[in-house]
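Here the protein sequences line up with chains S and B, keeping their order. Final position of the first sequence in numbering that gives the first Met the number 0 is 387; the numbers increase by one with none missing. Final position of the second sequence in numbering that gives the first Met the number 0 is 267; the numbers increase by one with none missing.
Note that these hints are calculated values from the structure, not bench results. Possibly wrong hints are sitting among the right ones.
Using 25 Å as the maximum straight-line C-alpha spacing, the simulated DSS-like pairs for lysine-lysine come out as follows [claimed, not checked]: (1) B:K221 x B:K191; (2) S:K298 x B:K224; (3) S:K11 x B:K224; (4) S:K22 x B:K56.
Part of the chain B face toward chain S, derived, beta carbon under 8 Å [said to hold, decoys possible]: (5) K85; (6) N140; (7) L143; (8) F207; (9) F214.
Ranges between beta-carbon positions, derived for each pair [claimed, not checked]: (10) S:L243 x B:N102: 28 to 34 Å; (11) S:Y12 x B:T80: 26 to 32 Å; (12) S:G96 x B:L53: 55 to 61 Å.
Backbone N, C-alpha and C fix where the C-beta goes; we use that ideal spot for every residue, glycine too.
Here are the chains, one letter per residue:
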Amino acid sequence: MPLDPKVAVVLKYRPELQALFEKINSELPEEYLEKLYSQLQANPKVSADELKQLIYSQYDLELSPFDNDKANEIYRRLKKTKDPRAEEFKDAFELLGDTLDLNQFESYKQQESKEFSVESFSATDEIVDTTELGPINKAELFDIYSVTNTNDLMTTLGITYEDGRGYFYKNNLFSDLDEAIRVAYNNNRMIDNTTPNETQPNITNINGWEVSPTPWRRYGARIIDLLSNGLIGGILLGAIFYALAPASAERFYANLNPALDMIITAFTGCLITGCIIGFSGLSVGKWIFGIKVTKTNGKPIGVVNGIKRDLGVYVKGLALGIPLFSLITMIIAYTNLNKEGTTSWDKNGGYVVSHRPNNGKQYLLNAIGIALIIFLIGFTRLLAHMSY
Amino acid sequence: MKAIVYLYIIGCFISLIHWIPDLHTQVDYLITEEFLLLYFLEAILVLSSIAGWLFLKGRAKPLSNEKLPVALIFFIVLIQTVILVKDTLRLPTELDIISKIENYPSALVEVIKPGYIKLSGTIGPKTFSSIKQYANENIINGLLINSGGGLIDQANLIGKYLKSNGIDTYVFDHCESACVIIALSGKTLTAKSYAQFGFHQGKSISNFENQYTEFIDLEATKDLKLSLSRLGVPKAILEAVDSTASDSMVYYNGRELHQLGLIDNLQE
């Protein structure tokens, strides 16, 4: 739908309304975008919060057209999952009322819990972009189905196009290709009875880096990251503590238990490492030992996901950095990595850990990494000795 | 844009200058006006940095490489803000110390006989310079000291000077707190058996009750203990330093310290 010039200006210069536009575009039917436009045309200075409340309350109202709560709940679910049977259900309930057997739609309830929505899929754009589209994006869909363009994706999903009519998927007609892909993808998943992570193809290579377990290199990278980033984090934390409450900081650090020191160092180390990995996929340790954490499409996982992932490592892999306990969790992680090919924190997030192929350069870097670990251990011990 | 960047660079240099004189309460005693000027320049630097960051943030294209320098500048601004908060919290204590330092009493050199000098009173900001001034024109063989203490950093400077020039020290009456550092730094220490040597925790010269003053107290105690331990003071006395508040004193007489090997020549 072409944008009214007035609305275009409003959206350009009011980022909060642009964000609302994107939200409505991805979450609500198209008619709500039209409502947004008409509101913006009528009152360009309207508050984004008020407008959001207005549109979403209208949407909620539309999703609860019946006096029967259960019927409303089913209708809401069908609408929200963009199930083509929503309108059919509405017509049927209006016609039959309470005599309609709602249980035949209850089966959807169980399926819905496994539902994994593809949001705002821009199917008409054949270029693989990095735009985040909710739980899964276009590039990831291409990866999952090992295709490089939308036509191939349609073929793989069983979607056909008929001139003048629209897109067909299992005898259902869709005017919008995005919609058809969403339904087909979700239906495929339900048939497969798989989870999103399990739908990932067996990736063996990302941008020339191999995907197979390399626990020792990962340990090496982790030690360097924990020591270096833990040190940086500790210094930053100490600087802030000393800046704001120097006497308390002095007493705290003077009586700091070495075990507590390890817990704090591991925490700050994981936090900083998570930020760096989320941003770039690599950290100093990971670069040296040739380890990269990315999405299945080879892109960085994002700072927030990076922090979440490394906090997962901190809790599940390092047992909060508690001495001895962390040794146990590291052994468990080692076993799982060898057995399943991935760790729980990577599996949960759907991340792929790839590694630089073993060659002369990598062997040299491994040696440098080991030397760096020895240096960092010595250096941190020296610092600890100086501070005590 | 250029103006902001230049202001930022100038500000960073000023900020660096300001970093160095955390010593200003110790050696390079700044006058109040200088200190306030540096503080306000630092505040302007932080504000200009925040303005610069906001300016760049608004112009950086989303999902582009321009976001990285903006993120780095944000990080720098964050550090600068923490430093400014730190300096603001410390401001009352710093100003109090500076104003007190300006009027702090200083024991000055008195000549007993050629080559032998006496210090009597508080070890203050002018004490070391008075010794050096005398030493410029005379040879010093010995220093007799009677003092209730004073500035630890001045005592350390004097002690270092005595050590490097092989000057003997004498205590015939009393020598407390920072004075002990000077006495023990002599090539040989001669003391009367009844002379009183006092030990206690260090303390800031500011009376402000806040975290920073408390921190200076802790640091002063740490400095005092470190200096004493380097001069061979045994652990038992260092523990006594730790457990004796700055407003009281634990005494050891000349005989006791002689038995501990700290006094070379004991006079009855």
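Results of checking the hints against the structure:
1. For the suggested pair K221 of chain B and K191 of chain B, the alpha carbons sit about 29 Å apart, so the restraint of at most 25 Å is broken.
2. For the hint pairing K298 of chain S with K224 of chain B, the CA-to-CA distance comes to about 56 Å; that exceeds 25 Å, so the pair is violated.
3. Using a Cα cut-off of 25 Å, the hinted pair K11 of chain S and K224 of chain B is violated, with the two alpha carbons roughly 66 Å apart.
4. A threshold of 25 Å between alpha carbons decides the hint, and for K22 of chain S with K56 of chain B the separation of about 23 Å falls inside it, so the pair holds.
5. For K85 of chain B, the shortest C-beta to C-beta distance to chain S is roughly 4 Å, which falls under 8 Å, so the interface hint holds.
6. Using the Cβ-Cβ criterion of 8 Å, the hint placing N140 of chain B at the interface with chain S is not satisfied: the shortest such distance is roughly 38 Å.
7. Nearest Cβ of chain S to the Cβ of L143 of chain B: about 37 Å, over the 8 Å cut. The hint is violated.
8. The restraint placing F207 of chain B at the interface with chain S is violated, with a minimum CB-CB distance near 12 Å, outside the 8 Å limit.
9. Proximity of F214 of chain B to chain S holds as hinted, the smallest CB-CB distance being about 4 Å (cut-off 8 Å).
10. At about 31 Å, the beta-carbon gap between L243 of chain S and N102 of chain B stays in the expected band of 28 to 34 Å.
11. Taking the beta carbon of each, Y12 of chain S and T80 of chain B are about 30 Å apart, inside 26 to 32 Å as hinted.
12. Checked against the given bound of 55 to 61 Å, the beta carbons of G96 of chain S and L53 of chain B, roughly 60 Å apart, stay inside it.
Hints 1, 2, 3, 6, 7, 8 from the list above are not met by this structure, while the remaining hints are.
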